[in-house]
Structure formats: C-alpha cells, structure tokens
Amino acid sequence: AAGVIQSPRHLIKEKRETATLKCYPIPRHDTVYWYQQGPGQDPQFLISFYEKMQSDKGSIPDRFSAQQFSDYHSELNMSSLELGDSALYFCASSGRIAVSEAFFGQGTRLTVV
Amino acid sequence: GENVEQHPSTLSVQEGDSAVIKCTYSDSASNYFPWYKQELGKRPQLIIDIRSNVGEKKDQRIAVTLNKTAKHFSLHITETQPEDSAVYFCAASWGNAGNMLTFGGGTRLMVKP
Numbered sequence: 055a056a057g058v059i060q061s062p063r064h065l066i067k068e069k070r071e072t073a074t075l076k077c078y079p080i081p082r083h084d085t086v087y088w089y090q091q092g093p094g095q096d097p098q099f100l101i102s103f104y105e106k107m108q109s110d111k112g113s114i115p116d117r118f119s120a121q122q123f124s125d126y127h128s129e130l131n132m133s134s135l136e137l138g139d140s141a142l143y144f145c146a147s148s149g150r151i152a153v154s155e156a157f158f159g160q161g162t163r164l165t166v167v
Numbered sequence: 760g761e762n763v764e765q766h767p768s769t770l771s772v773q774e775g776d777s778a779v780i781k782c783t784y785s786d787s788a789s790n791y792f793p794w795y796k797q798e799l800g801k802r803p804q805l806i807i808d809i810r811s812n813v814g815e816k817k818d819q820r821i822a823v824t825l826n827k828t829a830k831h832f833s834l835h836i837t838e839t840q841p842e843d844s845a846v847y848f849c850a851a852s853w854g855n856a857g858n859m860l861t862f863g864g865g866t867r868l869m870v871k872p
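Line order of the protein sequences matches chains G and B.
Each position in the first sequence, counted from 1, maps to that position plus 54 in the numbering used here.
Each position in the second sequence, counted from 1, maps to that position plus 759 in the numbering used here.
Chain B with its partners taken away, still in its complex shape (with noise of 0.2 Å):
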C-alpha cells in the first residue's frame, strides 16, 4: 500500500498570510494527488488535485506542487481567510488500478481574523 505523511499537523496563520501545508508519500508509482477540505462534521471535498505529469497547478488562492523524485507535495493557501479554517488532508493514490486514495494525518488550519 502506500504511507501519507502529512505536516504540520496544526496551523494558525493571520487573515491574509499564506498557509504551507506539506506531505510525503512512499510508493513511487502513485501518479494522482488530491486535497480535501473537511470541516467540522462534513465530508471531506476536494479543492485541488494533481497528476503526475505536471509539477505545479494553481486555482486563485491555491496551489499544489509535486516533486516526483523526493516524493512530496505541497500545497498553498495565499490571501487566506477566515472561512479557510478547517482540516485539510492531502491523499496519495495506490492499489490495482491506481484509484484508491491514503489519506495524511491532516492539518487543522486556524485563520485568525
């Protein structure tokens, strides 16, 4: 299977700073890397994702960066707000058709106003 590592696993940021989430994934051929965002009580939603043949994808405030050959990605949170708080999980895929998803330990991110 495959191993998420996931830092820092809290995150308190003033209203406006960035946020650096980062995770490390052991098995090499996963090759699709999504974040979800959960808040308090609700499912987890993807807010960005990235395969393997590009190196960085940005979507307004966010952006994820993955370097296949130290197996990390990281992602970017610029201008945050206070609705940013949650807890954000990044996710490697594994398994017979490369779809299953391992979840990292999350990061709890607090946006102070």
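If we strip away everything but chain G, and leave its shape as in the complex, we get (with noise of 0.2 Å):
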C-alpha cells in the first residue's frame, strides 16, 4: 500500500539558507500534518492543512510557510535557517473521516550547520 512520502530524506544546509521540504499525502487523504521533532523531543506540532487551506496552526516560526497544492502535495519552505531548526520533520495524513488515524512519513532530517 502507498504510504506518505517525503523528500528529500537528507538535508544539510548552512546558516541563513533556504530548504523546502516535500510531502505526498497517501491517495486520497486530503488532510496534511507537519512535525518538527528534536533530538530526545516529542514531535510539536507546526501546521495542516485540509482540502488544501490551512486548517491549524501551531508553534511554527514566522520564517517558515507551507502550502498544500491541488495534488494534495505540500510543501515546507524554511528561510533564514538557523542552528536550531536542524531537526526532523515529519509529514503524516489522514482521510477524509474526522478524528483518523494519521500515518507518518519517514521523515526529511535537516542539518544546518
């Protein structure tokens, strides 16, 4: 079965540089999740989106945007990169029924150094 997919899997790049980080929802799931997960950290909650609108938002830094285009595909752009964003960010969906079961990508672990 087609799981979430996210790319690239590997990011590193330096301070004050830009990342955009891709995920494919599983077919016909319409709802969009991403997670940043530090070292030791549970995953926080960043932003989704739902038929592609932002639907929530949590503790994402005003550097970064995410939109959901009209695949369902999203995209996270991540400027002004800092030391602290290397972390791993994780994509899931869910389908169209309220209150499923969100299934994770494996994750883009980015590195600024």
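Worth double-checking, as some hints may not be accurate.
Unchecked claim - Label pairs and their in silico Cβ distance ranges:
1) R63/G <-> R867/B: 34 to 42 Å
2) T828/B <-> T165/G: 40 to 48 Å
3) E105/G <-> R820/B: 33 to 41 Å
4) E842/B <-> K67/G: 30 to 38 Å
Said to hold, decoys possible - Covered stretches of chain B, going by a simulated chain G footprint (3 or more residues, C-beta under 8 Å):
5) 776–784
6) 813–819
No wet-lab data here; the hints were simulated from the structure.
If you're wondering where the values come from, they're calculated on a predicted model, not measured in any experiment.
The beta carbon of each residue, even a glycine, is placed where N, CA and C say it ideally should be.
Using the hints, build the complex out of the two chains.
In structure tokens, the structure reads:
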C-alpha cells in the first residue's frame, strides 16, 4: 500500500540558507500535518492543511511557510535557517473522516551547519 | 489547543513484566486518543487507538483505557519483550475538525532481557 512520501530524506544547509521539504500524502487523503522533532524531543505540531487550505497552526516560526497544492502534496519552506532548526521533520496525512488515524512519512532530517 | 502530559518519561522493566504509561489531556472536546511507537530514527507508527465512546480496547498484549471524566488514558503492555523497547507517544485530538494531534512528551521504554 502507498504510504506518505517525504523528500528529501536528508538535507544539509548552512545558516541563513533556505530549504524546501516536500510531502506526498497517501492517495485520497486530504489532510496534511507537519511536525518538527528535535533530538530526544516529542513531535511538535507546526501546521496543517485540509483541502488545500490552512487548517490549524502550531508552533511554526514566521521564517517558515507551507502550502498544500491542487494534487494535495505539501511543501514546507524554511528561510533564514538557524542551527536550532536542525531536526527531523515529519509529514503525516489522514483521510476524509474526521478523527482518523494519521500516517507518518519517514521524515526529512535537516541539519543546519 | 490541547495540552497532553505523559508519565513516566523513562520506564525500565524486566522481560515478561507489564508496563504502564499514563497520559492526561486538557481539552474535554478531545475524542480520539492514539498511541504511537517510535524506534530510533524512524517514523512514529500507530499501535493502538481509542475513541471516546469506549472505555477500553485490547489488541493482543496491548490495551488502552480511557477515563473521559478524569481526562486521562493509559497504555498497558503485558508480557513485555525486548522488541517492545522504543519511545511511546500518546496523543489527543483537537482542532476545527477534531483531527489535529497533540503529542505527549514520550516515554522511553527499555525491556531488559
């Protein structure tokens, strides 16, 4: 069965650079979530989209932006990168039924040097 | 939003013993409570979930109980095995459609052979 696909799997950027992370949800899933997980930390909710519209917003810095496209894939854009942005970024998707299981992608490990 | 507290942060048990992890949540409107298992460097994977219309759910060696009045829920693992060693996260739903997840801080379970 198709799962949530994230790209790239690993990314190394320098401070003040820009990074773009991509997420392809499970087919027919219309809700996408982005989470940031620092070393030894729990996943922190950043932002979510439902039917291509921003649904909820968590602890996402102003330097980050995201959107969901017509094919339901989502991109997280991160600008003016800081060392503290180094983390594992997970995307998850869920289906049309509210309160349904969220399936996670394998994550993108971002390292800012 | 939702606030989820999880205890303990670390738990060490002997193989064959039981393990219990507890979570409390703040939003009385939450009605979906999944538990995720995350192995090092991997994505969180759902192991069991419970909805607010039931008080207990069991799947082989794993069970979850929910007390909506007290706003707490627990994960019970019986006959623990070394492969159960991982970080476990509880979560509670929130948001406009009730399908956003807030995670607890995680419990690192170590099962000693």
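Results for each hint:
1. Between R63/G and R867/B the Cβ separation comes to about 24 Å, which falls outside the hinted range of 34 to 42 Å.
2. T828/B and T165/G have their C-beta atoms about 45 Å apart, which keeps the hinted 40 to 48 Å range intact.
3. For E105/G and R820/B, the hinted distance range of 33 to 41 Å is satisfied, since their beta carbons lie about 39 Å from each other.
4. A beta carbon spacing of about 35 Å between E842/B and K67/G agrees with the range 30 to 38 Å that was offered as a hint.
5. Note: the stretch 776–784 of chain B has 0 residues with beta-carbon separation from chain G under 8 Å; the three-residue rule is not met and the coverage is violated.
6. For the stretch 813–819 of chain B, the stated coverage by chain G is violated: 0 residues have a C-beta nearer than 8 Å to a C-beta of that chain, whereas at least 3 were required.
Violated hints, in rising order: 1, 5, 6; the structure is consistent with all others.
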